[in-house]
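Visitor: In the order they appear, the protein sequences are chains A and B.
Read left to right, the first sequence gives residues 1 to 225 (our numbering).
Read left to right, the second sequence gives residues 1 to 435 (our numbering).
Note that these hints are calculated values from the structure, not bench results.
Errors might be hidden in some of the hints.
Once the Cα atoms are required to be at most 27 Å apart in a straight line, the calculated DSSO-like pairs of lysine-lysine come out as [stated by the list, open to error]:
#: 1; chain 1: A; residue 1: 200; chain 2: B; residue 2: 161
#: 2; chain 1: A; residue 1: 73; chain 2: A; residue 2: 57
#: 3; chain 1: B; residue 1: 165; chain 2: A; residue 2: 200
#: 4; chain 1: B; residue 1: 230; chain 2: B; residue 2: 217
#: 5; chain 1: B; residue 1: 169; chain 2: A; residue 2: 200
#: 6; chain 1: A; residue 1: 29; chain 2: A; residue 2: 57
#: 7; chain 1: A; residue 1: 200; chain 2: B; residue 2: 230
#: 8; chain 1: B; residue 1: 169; chain 2: B; residue 2: 186
#: 9; chain 1: B; residue 1: 330; chain 2: B; residue 2: 363
#: 10; chain 1: A; residue 1: 53; chain 2: A; residue 2: 32
#: 11; chain 1: A; residue 1: 45; chain 2: A; residue 2: 138
#: 12; chain 1: B; residue 1: 363; chain 2: B; residue 2: 318
So you can see what is in the structure, the chains are spelled out below.
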Amino acid sequence: MAAKKKKTANGRSKRAPQKAGKRAQKKDKTKKAILEAALALFAKKGFRRTTTKEISKNAGIAEGTLFNYFGSKEDLALYFIEQEIAGLISWYEDEPDIQEFPVVEKLFAIIQRYLERITPYEDFVGAVYLRALQPSSKLNPLSLDGQEVNLHYLKFIRSILSEAEAEGEIPPLGDLGAYGFGLFQLAILTHWLQDRSDHKEATLALLDRCLTVANTVIQRGGWEW
Amino acid sequence: MGMVEREPPRGTVNRGLRIGKLAATLTGSYLGYQFQNILQGEDEDGQRKLAYQKKASRQIRRELQQLKGPVMKLGQMLSAQGALIPQEALNELSVLQMHAPPMHATLARTQFRTALGESPEEMFREFSATPFAAASLGQVHRAVTKKGEEVSVKIQYPAIKTAVKNDFKLLRAATAAGRLKDYLTKAMLDEIESIILSETDYTREASNLARFRKGLKSLRYVAVPKPFPKYSTDRILTMTLLEGEHLDDWLAHDPPQKIRNLLGTRLFELLYFQIHRINALHADPHPGNYLFSREGDIGLVDFGCVKEVAPEVSNLLKSFAISGETLEKKKAKRIAELLWHSETPQMQSDGLFIVETAFEFSKLVIPPRGSHVSKVDFGDSSIFRELSRLSRIVIESKLTRPQLLFVFRAEIGLYNLLNRLGAVVDTRAVIERFL
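Okay, chain B solo, but in the shape it has when bound (with noise of 0.2 Å):
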């Protein structure tokens, strides 16, 4: 891709972007310039850029569900981001995240022949054909093991690593000349790569699964699926079904105020003692990743996404929760050079904006010690608003560090829940348990 001096007559460009959209389509990635459409129309004002958003959007997620795998993941971590992407177009990716297309039977069939050696209907004394979920970079049918225990079998898509390396190929090319390289720096995407690259291999996300079912065992409501090593590789994976509800099909019964909020309040604390406690997040916090019980117990599925917390980030956090009012100039000054430490002293004082606004988002939902308030209520919008609008500083910064990326995003997925919910926390008494 030479430097375009001249700009050439817009039809051309567009040909070529159709042409090269076909090319792409069949090596599965073309999305760079499709995310960009969803940002170009920010110059514009009003309905008329809510319409183009909502249209390419639409349009996004269409193709997007056509080509499924990686691309269709990165809608999902684009639109677990929150903030990052307009309401509208947020909303129609956030279809997504349920509505995956599957793999036809014989395609799922074969990836788990070649892996497993034999076909799944011979492993298994029952298996379902048809997929009940879209998984991260595959699909989850139900089955039945010889022994009688029910189980889900994910399945992966086929060569999806080189669809991963073909996506970032692109959208590194995309960003690095347009508008998007403001929201998706070099070092983020890097990042996001190697965690989607990671994700490709199951095995990981089985010893995750071990370590979390481990981890989390004396948090009494919440559950995570057991592993069977026996009928997994690197590309397929059997676990336990868990039961439990959507978030949608949970709140279509009207559960009292009183379940929500203790759901709320079991979730919070689920978030803070995986960052405390376990020092690694499921870091994958869409909706269709929690299952509900109706007394409020939890089952969490997909691990294929896990960070490590650093002590530095469980820190900041600490330090955040056990601030008054206001942040010590000078205990914020030696937290932004904690940080950056290996930047300029430019950086690092610039870095120290992004510490304050942390700050700001943290007292909206822990509020500070002695505070008269003593209870957040989530389903009031205006406070996830403001959230919002704290985050995307945050995020939108190029300062951001990854480490920090995905608690942040980790956390807005948790606030979202918990406004969906409507749920009221007391989330001083919780965190309080950490310090």
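The following block holds chain A by itself, in its conformation from the complex (with noise of 0.2 Å):
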């Protein structure tokens, strides 16, 4: 997979041959058709009850090509994370005020903007969860696979984190800072999973006094044990 990914960035970059580019980027299109139409079939089906044969039907396909997509579903998972990255990535590169927020509230805005993201695919991404506890599943963010999606996520907080300690609004947290959030956000979503209340109320709130608190604890250099 790792391979193959950087066949794909190559593809995309401007040296090289056309051909390829356009035969790319229509992979690309189809890529995207079967995990939308997976997507709108989680969301009213539920994750386990949907069959490859309907996913491939609804998205244009013989079920045969989907194979060649997607070996398994664990290979669309694991493409739909990366999409929900990048689309996280580029929202939050486009929202127009968000660079001039506290970070406190950078990082509230984006878990916040992610956890609404998936929203309609709770179903998909709880059965997605529950594999990526596996230690054998290219999901489990300590796999190879799952790894790479990860990092690329976790350079974006880095940055973010950067930012703000070099305008000193945080004091120095290095890479233990990306990480930990890394850490942090995995813990919202558990919670996120197994809320029950309205709207899922709780988990904002959460969200919100755990940032809050963990400024203060950074600020002040530590818990007052």
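Two independent chains are provided; combine them into the complex using the hints.
Guide: Quick look at the structure:
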């Protein structure tokens, strides 16, 4: 998977022949169509009850072709996560006012936006989450495939934290800050998946409180034991 | 929480508390022992006690402001209850009333959108992302509707109900063992909890607004906001924006005594009008809920906390007002029997003491018929101190009925306001209209 991805990345680069670029673009389009079809079905019928047959039918491709793109539901899930992260980052970059926010609010907005994006696919996300707990799964954050996606995201968070560090908004946290945030986001996701409150508002409150407290603790240089 | 037989070393206790505090901070509750801190200083004397209280209350304020929501609300309620908390602590806590920490814009917007399906910027012509006031369990933003009406939009903090319940669970645990149980009885805590919980439903507040707009119509000088159901849910409340200034700003213009007296008289009438004519009370009397015009008109906001006034309470106040210099023993006994009718004869006779204290209180505020005193100068701090002392007796008594408690709270809130206004009021003339 890692090697495959590299090729795609090269294909997108400016030096590559146009034909290859077009082919990659088409491939990308099909992949997105499959994901879209799959997500719509997951949202409607649930993750387990959706068959590959239905997915290919809704994506307008032959069932066999589907397997050329995604060897398993795990590959599909990994692609989903990748797309979500890409979507989240480009949302962040295009959001007009967010650059002016204090860092705590930026981080809040990012997680909130992330949760809002995955809300229609809660069932799917829950299934992916459980699968990701298995060490052998590609989705496991510590697996090679999982790590690549994860690192891409952490780098994005790292850049936000670095900016805040440079401006003296928070003391230097280094890479640990981003790692810590990644774990925190996972904890929030865990809470969110189990949250039965109205509009999952308990998660929203927890998220806000945790960030506020974390900020206070970081500013103070520790918890007053 | 098991019973502690041997006292563990102090360090362990402190550490335990602090760790507990971290957990509680995240779930939104830890105020119990924090409040105990305020009262713990009572055995110590003089300056040391004062310094301790000052420090403790300042710390509490800092912590409360960070947590916002229900904890802050309780802080407000306690600080409105004037007499309960030492003055130094009160000064610190009163800052909470106007300076609550805001939800940041993203959180407020998210709350709005989840409740109404559209972001405030889409729904209104103008929406100010920065709140202009803290309100019960939320914050208030200015906005202009697409039709051009100026409104205020109250947005509730997320998951407030759970947090309220957490706080009270903790508060009960803390008060069961600690000194606080003498101040906050279980019945009082239950009552306060149910009131705060009902305040989390803004739909209810919207109907309170409608009820009081109608009920107070004949008092021309009072304005109550009009709710907009179209932009409201159980956790968002949109209503007309009232004009006027808060007490401190109003006083800063140094208004003439005549206007102070007029405003004081109106405020006094407003309270008793609610008790005797509407049979319900705006029971959140802190100064932040009043807006005053230069001419002495009153805007009343925040109807989250409305209390039904039981007929026996209204009758109690009336019978006080028609009594002369002394309350007949027989009459006082009958009142006590009425108020504590479900209790033992022993409690009824203990209740007599509360009725008599409450009567003393009433006499200070409303001179008896035929008395040579015709007007009450609320600016006279000795009256206020005496009122505080008497109300403390009533509030701290384990016998105090919750229905009485809120009327008392409203009264103390009002006299606090009149004291700051320095108003001289012919209270007897006002009260006669209701007898």
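Visitor: Run every hint past the structure and note whether it holds.
Guide: Okay, the hints, checked on the actual structure:
1. Restraint check for residue 200 of chain A and residue 161 of chain B: the C-alpha separation of about 13 Å stays at or below 27 Å, so the hint holds.
2. For the proposed pair residue 73 of chain A and residue 57 of chain A, the alpha carbon gap of about 16 Å is at most 27 Å, so the pair holds.
3. Proposed proximity of residue 165 of chain B and residue 200 of chain A is supported: the alpha carbons are some 17 Å apart, at most 27 Å.
4. Restraint check for residue 230 of chain B and residue 217 of chain B: satisfied, since their Cα atoms lie roughly 24 Å apart, inside the 27 Å limit.
5. Note on residue 169 of chain B and residue 200 of chain A: the hinted pairing holds, with a Cα-Cα distance of about 22 Å set against a maximum of 27 Å.
6. Taken as a hint, the residue 29 of chain A and residue 57 of chain A pair is honoured in the structure, with Cα atoms around 16 Å apart against an allowance of 27 Å.
7. About 23 Å separates the Cα atoms of residue 200 of chain A and residue 230 of chain B, which keeps this hinted pair within 27 Å; it holds.
8. Proximity of residue 169 of chain B to residue 186 of chain B is assessed by CA-CA distance (about 11 Å); at most 27 Å being required, the pair is judged to hold.
9. Under the criterion of a C-alpha separation no larger than 27 Å, the hint pairing residue 330 of chain B with residue 363 of chain B is consistent with the structure, at around 18 Å.
10. Taken as a hint, the residue 53 of chain A and residue 32 of chain A pair is honoured in the structure, with Cα atoms around 17 Å apart against an allowance of 27 Å.
11. For the proposed pair residue 45 of chain A and residue 138 of chain A, the alpha carbon gap of about 24 Å is at most 27 Å, so the pair holds.
12. At roughly 12 Å between alpha-carbon atoms, residue 363 of chain B and residue 318 of chain B fall within 27 Å of each other, so this suggested pair holds.
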